[in-house]
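Colleague: Single-letter residue listing:
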Amino acid sequence: MASSAARAEVLSLLRSLLRTATKFSDYNIREYAKRRAIDGFRDNRGLTDPSSIAAAFADGKSQLEVAKRQAVVYSLYAPRIKSVMEAESP
Amino acid sequence: MAAMAAVRCALLSHLRVRVESPAAPAVALSFVHIFRRRFSNEVMGSFLDKSEVADRIITVVKNFQKVDPSKVTPNAHFQKDLGLDSLDTVEIVMAMEEEFGFEIPDNEADKIDSINVAVDFIASHPQAK
Numbered sequence: 408m409a410s411s412a413a414r415a416e417v418l419s420l421l422r423s424l425l426r427t428a429t430k431f432s433d434y435n436i437r438e439y440a441k442r443r444a445i446d447g448f449r450d451n452r453g454l455t456d457p458s459s460i461a462a463a464f465a466d467g468k469s470q471l472e473v474a475k476r477q478a479v480v481y482s483l484y485a486p487r488i489k490s491v492m493e494a495e496s497p
Numbered sequence: 160m161a162a163m164a165a166v167r168c169a170l171l172s173h174l175r176v177r178v179e180s181p182a183a184p185a186v187a188l189s190f191v192h193i194f195r196r197r198f199s200n201e202v203m204g205s206f207l208d209k210s211e212v213a214d215r216i217i218t219v220v221k222n223f224q225k226v227d228p229s230k231v232t233p234n235a236h237f238q239k240d241l242g243l244d245s246l247d248t249v250e251i252v253m254a255m256e257e258e259f260g261f262e263i264p265d266n267e268a269d270k271i272d273s274i275n276v277a278v279d280f281i282a283s284h285p286q287a288k
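Residue numbers (the numbering used here), protein chains in the order written: chain A, 408 to 497; chain B, 160 to 288.
If you are wondering where the hints come from, they were derived from the structure by calculation, not from laboratory data.
Wrong hints could be hidden among the right ones.
To be verified - Straight line, CA to CA, 30 Å or less: simulated DSS-like cross-link-like pairs of lysine-lysine: (1) B/Lys288 <-> A/Lys430; (2) A/Lys489 <-> B/Lys288; (3) B/Lys239 <-> A/Lys489; (4) B/Lys230 <-> B/Lys209; (5) A/Lys489 <-> B/Lys209; (6) A/Lys475 <-> B/Lys230; (7) A/Lys475 <-> B/Lys209; (8) B/Lys270 <-> A/Lys475; (9) B/Lys221 <-> A/Lys489; (10) A/Lys489 <-> B/Lys270; (11) A/Lys475 <-> B/Lys239; (12) B/Lys230 <-> A/Lys468; (13) A/Lys441 <-> B/Lys239; (14) B/Lys230 <-> B/Lys288; (15) A/Lys468 <-> B/Lys209; (16) B/Lys225 <-> A/Lys430; (17) B/Lys288 <-> A/Lys475; (18) B/Lys225 <-> A/Lys468; (19) B/Lys230 <-> A/Lys489; (20) A/Lys430 <-> B/Lys221.
As the list claims (entries may be wrong) - Covered by chain B, according to a simulated footprint, are these stretches of chain A (three or more residues, beta-carbon under 8 Å): (21) 417 to 424; (22) 448 to 459.
Glycine included, each C-beta is placed from N, C-alpha and C at the ideal position.
Whole structure, please, built from the sequences with the hints as guidance.
Modeller: So, in structure tokens, the structure goes:
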């Protein structure tokens, strides 16, 4: 990453994506959003070309907006039964 | 007519409600409430014991997939000792937020780069549960 300001911005974007991911009420979507955010950043960690870094960052930003909006929409249709993965172990 | 007026007057004086006397204790009571609220645990939060925080943070870090649990020590640095990168550090700090039930602001989260720093920050944070 070129400068430390850009680096902090990128980490902050990942943090926002992970925070938004926790807001999904459905277990599968929540876990997918988290996994997808981490994988996306990991896939692009080797980018050096400034224009491709900017493109990846812009893509992440637009995905964050999508995730925020969908978290609200899906909260209206929250599953009534929890996933078995969320069951407390006895 | 005069008799009616006298009766009415007597009745009204009997029914007169004293306003001042109950008001004073109410004010005093609300001061007590404010005082209690201000210093109660629900509002101010309470500080967790440092050794308990350290134990819970070490458990969080050990549960992280990429970390070798045998390498986790109370003084471990995420990047130097545990071989994690900045993306992993973000993940670990998020896991700590989940564990302690509060949100760590970005500028504080950026400073957390080792178990020691995390313990100090969370033990000094009143909202940590």
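Colleague: So which of the earlier hints does this model not fit?
Modeller: The structure conflicts with hints 3, 5, 6, 7, 10, 11, 12, 15 and 19, although it agrees with all the remaining ones.
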